[in-house]
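A.B. asks: Each chain, written out:
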Amino acid sequence: MADLAGVNGQRKDFRVVGKPNLPGRLSHAIATGIAKYGIDYAVPAMLHAKFLKSPYANAKVVSVDTEKARKIPGVVDIVTWEDEDIKNLSAGGGFMGPAQPFLDNIADQEGAEVAVIVVAENEDICKEALRRLDVKWEVLPHVVDLLEGRKPDAPVIRPADPAAKAGSGGFGMGGGNNPPKQGNVSYSNVNDGDVEAGFREADHIIEFDVNTAAFSGHIPNPVGGVAWWFDSTYHGEGKNLRIEGTPWGHDQVVRMYRMPAEKVFQECMLVGGRYCDWGIRKSQLITPLLAQRTGRPVRCVNDRYGMYDFNLNQRYVHLKVGFKANGLITAIDDFSIADGGARGSTNFGNTMDQTFGPYFTTRCQNVKQNMEVVDSNRGKMWLSGQHNPMSWDSLTVAIHRIAEKLGKDPIDIATLNLHGPDSQTDPNPVPSYEACVAAAKKMMNWQWHKAGEKKLPDGRLHGASFRYNQCPRHSGTVFNPKLELRNGVVRLASRGPVIGIYIMEANAMVVAEELGLEYKDIHTELDHHEIYRPYGGGSDGTTASSWALKECANKLKKEILEAAIEEANNPPAARGFGPMAKQPTPSPLKGRKAEELDLQDGKVVVKADPSIGVPLAQAVRANLFATYSGKPPDALWTHRGKKLDTMNVAMCEVAVDTETGEVEILRFGVVADPGKILRRSSLESQIDQVMDFSAGCQLQEEFIYDQKTGVKLSTNMFEYKKVGMLDMPRVDLELLETRAGNAAYGSNGISHSLANTHLVICAIQNAIGKWVDSPATPDRILKALGKA
Amino acid sequence: MADEETKKGEGGGLNRRNFLKSAGVVVTGSTLTAGITLAAEPAKAAAAAIPTTLTSFRCPICSMNFATFADLQGHFASTHPGAVVPVTTKLNVNGKDYEVLIEPHWTLQRMLQFRLGMTGAKQMCDRGVCGSCTVIIDGRAVLSCTTLAVECEGKAIQTVEGIAADFRWKPLIDSYCKWDAMQCGYCTPGFVVSAKSLLEKNPNPTEEDCKQALAGNICCCGTYPRHPTAIMEAAQKMKGGA
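Residue numbers (the working numbering), protein chains in the order written: chain A, 1 to 788; chain B, 789 to 1030.
Just so you know, the hints here were simulated from the structure itself, not pulled from any lab data.
A hint or two may mislead.
[Unchecked claim] Here are the computed distance ranges between Cβ atoms for each label pair:
(1) Gly927/B <-> Gly295/A: 40 to 50 Å
(2) Val875/B <-> Thr627/A: 50 to 60 Å
(3) Lys1027/B <-> Pro579/A: 42 to 52 Å
(4) Pro892/B <-> Ala617/A: 52 to 62 Å
(5) Pro457/A <-> Lys878/B: 57 to 67 Å
(6) Gly927/B <-> Gly786/A: 46 to 56 Å
(7) Gly578/A <-> Thr841/B: 51 to 61 Å
(8) Glu719/A <-> Val875/B: 26 to 36 Å
(9) Thr233/A <-> Thr840/B: 31 to 41 Å
(10) Lys151/A <-> Lys943/B: 54 to 64 Å
(11) Asn992/B <-> Ala438/A: 32 to 42 Å
(12) Glu719/A <-> Asp926/B: 43 to 53 Å
(13) Asn992/B <-> Glu664/A: 27 to 37 Å
(14) Pro101/A <-> Lys943/B: 43 to 53 Å
[Unchecked claim] Straight-line distance between alpha carbons at most 20 Å, and here's what the computed EDC-like set of lysine to aspartate or glutamate pairs gives:
(15) Lys454/A <-> Glu518/A
(16) Lys832/B <-> Asp954/B
(17) Lys263/A <-> Asp251/A
(18) Lys943/B <-> Glu891/B
(19) Lys127/A <-> Asp914/B
(20) Lys239/A <-> Glu262/A
(21) Lys53/A <-> Asp914/B
(22) Lys721/A <-> Asp914/B
(23) Lys966/B <-> Glu518/A
(24) Lys19/A <-> Glu1021/B
(25) Lys989/B <-> Glu939/B
(26) Lys368/A <-> Asp104/A
(27) Lys966/B <-> Asp521/A
(28) Lys607/A <-> Glu595/A
(29) Lys770/A <-> Glu207/A
(30) Lys708/A <-> Asp145/A
(31) Lys68/A <-> Glu128/A
(32) Lys127/A <-> Glu891/B
(33) Lys999/B <-> Glu664/A
(34) Lys721/A <-> Asp303/A
(35) Lys943/B <-> Asp885/B
(36) Lys999/B <-> Asp251/A
(37) Lys87/A <-> Asp104/A
(38) Lys558/A <-> Asp527/A
(39) Lys999/B <-> Asp727/A
(40) Lys555/A <-> Asp598/A
Positions of the beta carbon are idealized from the N, C-alpha and C atoms, including for glycine.
Construct the complete structure from the given sequences, taking the supplied hints into account.
C.D. replies: Below is the structure:
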């Protein structure tokens, strides 16, 4: 158990935290359709805007004649990349590499927004105007096959674009002595230890490929929104901007339009499904400019076709692994080819993995990672991690390969290789890991068998797989919450937005816990003008921000108790006048000291005798507030997996029909240790989500490109098949509480830590004895079996 | 009423009150108290704010407003010859008749959002795959993104807003909230409509019944396991059970 600094350290008794079935703040509004996302906003007299989309995978707009389009009745404005208004805007930077022009004449993926924006009375007229543009395209060679694109004679698609270099994003890239970029290929090399020595030490060396297919982030709500400018006596001189549909990009709008933050207003708090894709799209940012030009509200929304960005990009990995006769890994040589994607793609899915990968959770200290990042015209990856691409799949496959080679249970191989909690050389087992494995084995009735050896009664082959994972969270975010006691009610204000992980709810539960209140007693306000934003990354952000709220709540508690004494000792004057005046009843808290008091059940009570108390609203009439600025203690993110505390384990069972090639996931089993459960259903839902993702990307989701034109062929929900209710496998789960995390009450969350792209693949291998690339569609299974 | 039938705001001078009123929507409330159950009242209030008759007729091409439909038709004849003339139609939504001005190719989803300001029927796939735009027409769950609005005249259309406004279905909404049968929430109203459609036909569904009934609804967040739990509990409550 972690020995946490901070107020309350390890609280033992919980009244609110961990309580199930507490609805979210906006749940009713969401369920009833009243809640509005950017796409839902429609205001009187608004115009509509649409971008020109490239029909080519790689092309340059040489010129555009807008004359015919402008003549269409209902067309109000046409803006091109050459307009000064557009040139004055900028976008990008930060996570997404160097700032780039907001709109230019380069389209480096099919469907890219390029060169022209049309504004019209309705969407139909916009579409017609786009059709009437005379666009002169210079079609350029494209790369949608990475293996072709990395060849020395491949056409160079971005010869002079510094933004195209791998590692240009904010997360940096591996080693410092990388070779210079050649053609489409950037290099990122990370070396630890002496790999050659590690191979010399090995009794066995195996080599194999792990191919990870790209899959779509598939944001359910096509993004975009509406904006308009307005005058207001109450907000001083100058125009005010109202923008809807940019809840995560509010600050970006402020910067982009050089507006004082207090004069930019937004009601929309619902981000929709983002899955760690935090990129703000052009449709979300352009509306203020267009509204300014036209003097009317302007709505701009992406269509479904424009929402097929990557949640994980393509990667080909060749792994060479050396290990002892007992399965102990002595060397890892990882060579990979990753998709650098279109301009502005994050390196989160490629070079970022090298420094936060799973190899360092093993005792092996000889690890070589050489990566080629290939510029492509396949698509864009904004910022992801929900699917945890961080090489966990390579290690998972490696463990299964070693187990296969030695005829051993992969759990035994994993357990042998995992280092202890304190360092990479710590020989002690990780308590959380041991607890998770034991629970998972029991849950799944784990009985290992060799590949192809178990047949189900219906004749299908049974396969099983296992993986462990740490919680690769971070604690670098500084949180700045503020709590108020106003008119006897505790208020928690945040700028949101609401992203579906119920983070404010977890915060409120912690505040209620610390202040002796109930969840329903905490009044939550969402306002874009507030400072406090509770996010620091998935559910680990939940726990990290909840740490800050715990600290803040205790500062407020101290003020409340001191004020209670002050008011008890100096009660307000009698209420009323003359003979009607009512003398206040003397407080039972009078004459006591603050340290003698506590907050329990909505009252200020005497610790020694809690039956003596005064309801909070009566005990303290003063308005109080407390602030906190800080972050929880250090987390694992900064140690590259060389320290471990809470862990989790996932298992999968499949049935493979060798006649049809059909794979059925019989069930997933997950035992996760979030340290301490803050809000149970948030954790359960995240597990469901990543298992849904795992099933989808390993069995059915696939980007298909026409190699000749570079056009994506699977960009609608018929052809790119998401998991549906009937596809969703059974998920058995159990949550442990070792209290070993870094955040509130020893919590840490589980986000990012369970998703995988090869758990099902490993189970299929265990069933049929063949390795199949994802997605393992029936044709691929049959091909692997030599039947197709 | 949403965008196009209202007169232009002068200088884009919208304010919050007019915006909310014209959008026909009671704002979700960016200030809410933890755990408070929103009852059917907001949904009823939102429905009450939507005008049921047309008072102006706006040209979808040039934005001019006319006092009568005949004037608008005349305008089309003189100014936009050859263009498709909008039509007026009366649609029964959530038990109330609404006269709306639409173009003949408009989908029901588009009409609900842009004419009635109802945002419960969500556009996700735009081609009849995802179920986010599900409504109930004459007792059947249908996809409003692939249903022409003009074809719905004379039919009883029920949206999630109508379900929310009907106190009998409060247990279903409450159960969805209690069990977190939503994450980002964008697809949730479509699921609720499908669930209501199921419960009308089968007040005692099994888990498998729920799965089959919701098979046409896609949730990108993967909340699937939570829906049958919520629906089956709601079914029990609606029967007076626990």
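A.B. asks: Mind listing which of the numbered hints don't hold for this structure, in increasing order?
C.D. replies: 3, 12, 15, 25, 26, 36, 38
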